[in-house]
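Chemist: Sequence:
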Amino acid sequence: MTLNIFLFTITIQKRETSFEELIQNEKAKKFYEENKQKVTHYTQW
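Those letters in the sequence shown? Residues 9 to 53, per my numbering, in order.
None of these hints come from the bench; they were simulated from the model.
Worth double-checking, as some hints may not be accurate.
Said to hold, decoys possible - Below, a list of computed lysine to any residue pairs in the SDA-like style, where the Cα atoms sit at most 25 Å apart:
#  : residue 1 : residue 2
1  : K35       : Q45
2  : K37       : E24
3  : K37       : T25
4  : K37       : T48
5  : K37       : R23
6  : K38       : Y50
7  : K37       : Y50
8  : K37       : S26
9  : K37       : H49
10 : K44       : E34
11 : K35       : E24
12 : K46       : Q32
13 : K38       : F27
14 : K38       : E24
15 : K44       : I31
16 : K46       : A36
17 : K37       : V47
18 : K38       : S26
19 : K44       : E29
20 : K46       : N33
21 : K22       : A36
22 : K38       : T25
23 : K35       : V47
24 : K35       : H49
25 : K44       : L30
26 : K44       : N33
27 : K22       : N33
What the hints assert, rightly or not - What follows is a set of in silico ranges between Cβ atoms, one per label pair, in the way DEER data are often shown:
#  : residue 1 : residue 2 : range
28 : Y50       : L15       : 47 to 55 Å
29 : I18       : H49       : 40 to 48 Å
30 : T17       : H49       : 46 to 54 Å
31 : Q45       : F16       : 40 to 48 Å
32 : L15       : T51       : 50 to 58 Å
33 : K44       : E24       : 28 to 36 Å
34 : N43       : K22       : 27 to 35 Å
35 : K37       : F16       : 31 to 39 Å
36 : K44       : R23       : 22 to 30 Å
Think of the CB as a built atom: it goes at the ideal place given N, C-alpha and C, for glycine as much as any other residue.
Required output: the full structure, derived from the provided sequences and hints.
Modeler: Written as structure tokens, this is what we have:
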């Protein structure tokens, strides 16, 4: 999709992610959630 506004051109394209990137993102989300649970556990004391 291309938008021409005044003298600027903005192009938006869908980014394709590879299988390896998807696995890495899932691992990062899991790690983040585990650490978030640990922090909430310690802050309750």
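Chemist: Next, verify each hint and record whether it holds.
Modeler: Tested hints:
| no. | hint | verdict |
| --- | --- | --- |
| 1 | K35 x Q45 | holds, 15 Å |
| 2 | K37 x E24 | holds, 19 Å |
| 3 | K37 x T25 | holds, 16 Å |
| 4 | K37 x T48 | holds, 17 Å |
| 5 | K37 x R23 | holds, 20 Å |
| 6 | K38 x Y50 | holds, 19 Å |
| 7 | K37 x Y50 | holds, 20 Å |
| 8 | K37 x S26 | holds, 17 Å |
| 9 | K37 x H49 | holds, 18 Å |
| 10 | K44 x E34 | holds, 15 Å |
| 11 | K35 x E24 | holds, 19 Å |
| 12 | K46 x Q32 | holds, 21 Å |
| 13 | K38 x F27 | holds, 17 Å |
| 14 | K38 x E24 | holds, 22 Å |
| 15 | K44 x I31 | holds, 20 Å |
| 16 | K46 x A36 | holds, 15 Å |
| 17 | K37 x V47 | holds, 15 Å |
| 18 | K38 x S26 | holds, 19 Å |
| 19 | K44 x E29 | holds, 22 Å |
| 20 | K46 x N33 | holds, 20 Å |
| 21 | K22 x A36 | holds, 22 Å |
| 22 | K38 x T25 | holds, 19 Å |
| 23 | K35 x V47 | holds, 18 Å |
| 24 | K35 x H49 | holds, 21 Å |
| 25 | K44 x L30 | holds, 21 Å |
| 26 | K44 x N33 | holds, 16 Å |
| 27 | K22 x N33 | holds, 18 Å |
| 28 | Y50 x L15: 47 to 55 Å | holds, 54 Å |
| 29 | I18 x H49: 40 to 48 Å | holds, 45 Å |
| 30 | T17 x H49: 46 to 54 Å | holds, 50 Å |
| 31 | Q45 x F16: 40 to 48 Å | holds, 44 Å |
| 32 | L15 x T51: 50 to 58 Å | holds, 51 Å |
| 33 | K44 x E24: 28 to 36 Å | holds, 29 Å |
| 34 | N43 x K22: 27 to 35 Å | holds, 31 Å |
| 35 | K37 x F16: 31 to 39 Å | holds, 35 Å |
| 36 | K44 x R23: 22 to 30 Å | holds, 27 Å |
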